[in-house]
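Visitor: Residues per chain are reported as follows:
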Amino acid sequence: MSDNREHSYYLIYKSIHDVLKAEKKLKERGFNFELIPIPRNLSSDCGSCIRLYDQIEDVTNCADVINMEKCFFFDGKDFKPFMRQ
Amino acid sequence: MKTTAGKNQESAHSSHDMLYLDNAATSHPKPSQTLRFFNHFIRSVGGNPGRGGHPASVEAARIIFEARERLTSFVNGIDSERMIFTRNGTESLNLAILGLIRESDHVITTSMEHNSVMRPITFLQNEKKVTVSAAQCSARDGTLDPMRIKALLRNNTRAVIINHGSNVSGTVQNLKEIKSVIRDALLIVDACQTIGSIPIDIERDQIDVLCFSCHKSLYALQGVGAIYIRKGVDPRPLQFGGTGSNSESLEHPAFLPDRYESGTPNTPGIASLLGGLTLIEKIGMERIMKKERSLIHLLVTGLRNIDGIVVYGHYEKGPAVPVVSFNVTGKLPSEVSYGLSRRGICVRAGLHCAPQAHKTIGTFPHGSVRVSPGYFTNRRDIITFLEAVENIVRQ
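Chains A and B are the protein sequences, given in the same order. Under our numbering, the first residue of the first sequence carries the number 96, and numbering increases by one thereafter. Under our numbering, the first residue of the second sequence carries the number 324, and numbering increases by one thereafter.
A hint or two may mislead.
Below, a list of computed lysine to aspartate or glutamate pairs in the EDC-like style, where the Cα atoms sit at most 20 angstroms apart [stated by the list, open to error]:
(1) B:614 <-> B:345
(2) A:109 <-> B:428
(3) A:165 <-> A:129
(4) A:119 <-> B:382
(5) A:122 <-> B:382
(6) A:109 <-> B:382
No wet-lab data here; the hints were simulated from the structure.
Between the sequences and the hints, there should be enough to build the whole structure, so can you do that?
Guide: Written out as structure tokens, the structure is:
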């Protein structure tokens with residue numbers, strides 16, 4: 096799995112319950128990620144989101160961890176909405 | 324009389340010079356795990372869960388998440404987001420009853436219910452033209468024949484509300500049999516006395532809404548209850564407010580668990596529940612039931628051997644929660660409990676917030692003396708109790 100700290104995905108969930116559910120599943124599968132406060136430009140919520148350093152495709156293939164509300168790709172400079180296929 | 328509970332293999336904390344036999348009201352002493360998890364939260368975590376992305380808040384949310392997941396699997400629920408934390412069993416029952424029963428609906432309940440069921444449905448009867456039928460349970464031991472529920476069903480029966488285990492007589496009802504006769508009506512279960520003492524299986528028994536407190540046989544601190552709401556069942560929330568989610572919207576979130584959990588939760592209490600669940604997993608439900616049944620056997624046999632004592636319930640018949648009601652001929656329950664109190668023994672006398680149950684077993688209006696041991700009670704405690712009762716009877 097890659098560890099590109101410049102390129103990452105921001106996975107936004109509707110509730111902290113869903114964030115922690117995703118955290119549990121991602122941890123079990125050994126993904127490279129961290130829980131961070133949601134960047135203000137991505138959501139008005141004051142909670143947490145997941146910053147993923149692996150390829151999003153690897154995650155979205157796991158049916159039970161993709162229950163996210165929104166996803167953004169960060170290229171080191173800008174956030175771009177990521178649309179699931 | 325020092326409580327000997329601490330001598331059990333699993334330690335529990337009690338510094339009082341008393342014999343506590345009122346575990347049906349709340350368990351005491353609490354196991355060391357309860358205090359350990361509570362202590363960890365207070366000393367080392369301390370944040371408000373889901374409010375802010377900082378470590379104290381996230382760690383508090385993780386504690387609640389883990390408690391929610393473990394509690395869900397404890398009752399064989401499918402989806403942990405449907406396990407909602409409340410303040411107590413009463414709040415859970417109010418959410419189920421006030422949130423699901425609509426104007427002019429019909430509701431069936433039983434003659435063994437606690438006031439936490441009877442009062443909200445009486446409110447609906449008075450305010451929302453709800454009609455209520457109560458299935459009569461057996462006068463001998465409070466058992467419910469499911470056919471009595473079936474006979475009361477109407478086209479507009481919205482819900483059947485059942486006390487799983489009586490806080491007066493210890494009687495446990497067969498939920499699976501009840502569910503099999505109620506057609507499309509929702510099965511709402513009050514499991515305050517059974518959870519942690521008798522295995523509960525939401526899927527096997529097809530329970531629609533399970534309501535319970537966590538400070539009795541789940542060994543959490545007081546102030547924690549929970550409700551599991553089956554998918555497709557959608558009660559109106561009891562309160563609205565901040566959830567840490569969807570903050571830009573003035574509309575209350577529709578997703579769970581946030582829909583039913585607004586405001587700061589009792590995180591220290593929920594952390595203590597995690598300790599209680601850890602203890603139960605360590606001991607195993609089989610061992611808990613075996614011990615509690617053996618204590619009840621000793622207690623009931625001992626009481627029946629004392630002349631002038633009437634024991635209510637039928638403990639040979641099947642599963643029962645560790646609750647025994649009795650009376651002494653010629654003495655009021657309050658006199659007996661005062662006699663026990665003077666000897667440092669804590670039991671509860673009166674109606675136990677369940678006047679209907681006392682009417683059913685024939686002990687209304689004075690009620691009974693209720694003695695409820697717990698996992699940390701030992702055989703010596705029961706013998707001490709029986710000796711004290713014998714002394715009081717002779718006086």
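Visitor: With reference to the structure, classify each hint as holding or not holding.
Guide: Hints, one by one, checked against the model:
Distance check on the hinted pair: residue 614 of chain B and residue 345 of chain B sit about 17 angstroms apart at the alpha-carbon level, within 20 angstroms; holds. Straight-line distance between C-alpha atoms of residue 109 of chain A and residue 428 of chain B comes to about 34 angstroms, which puts the hinted pair past the 20 angstroms bound. Restraint check for residue 165 of chain A and residue 129 of chain A: satisfied, since their Cα atoms lie roughly 17 angstroms apart, inside the 20 angstroms limit. Restraint check for residue 119 of chain A and residue 382 of chain B: satisfied, since their Cα atoms lie roughly 13 angstroms apart, inside the 20 angstroms limit.
With a C-alpha separation of about 16 angstroms, the suggested pair residue 122 of chain A and residue 382 of chain B falls inside the 20 angstroms cut-off, and the hint holds. Taking the CA atoms of residue 109 of chain A and residue 382 of chain B, the gap is near 18 angstroms; set against the 20 angstroms cutoff, the hint holds.
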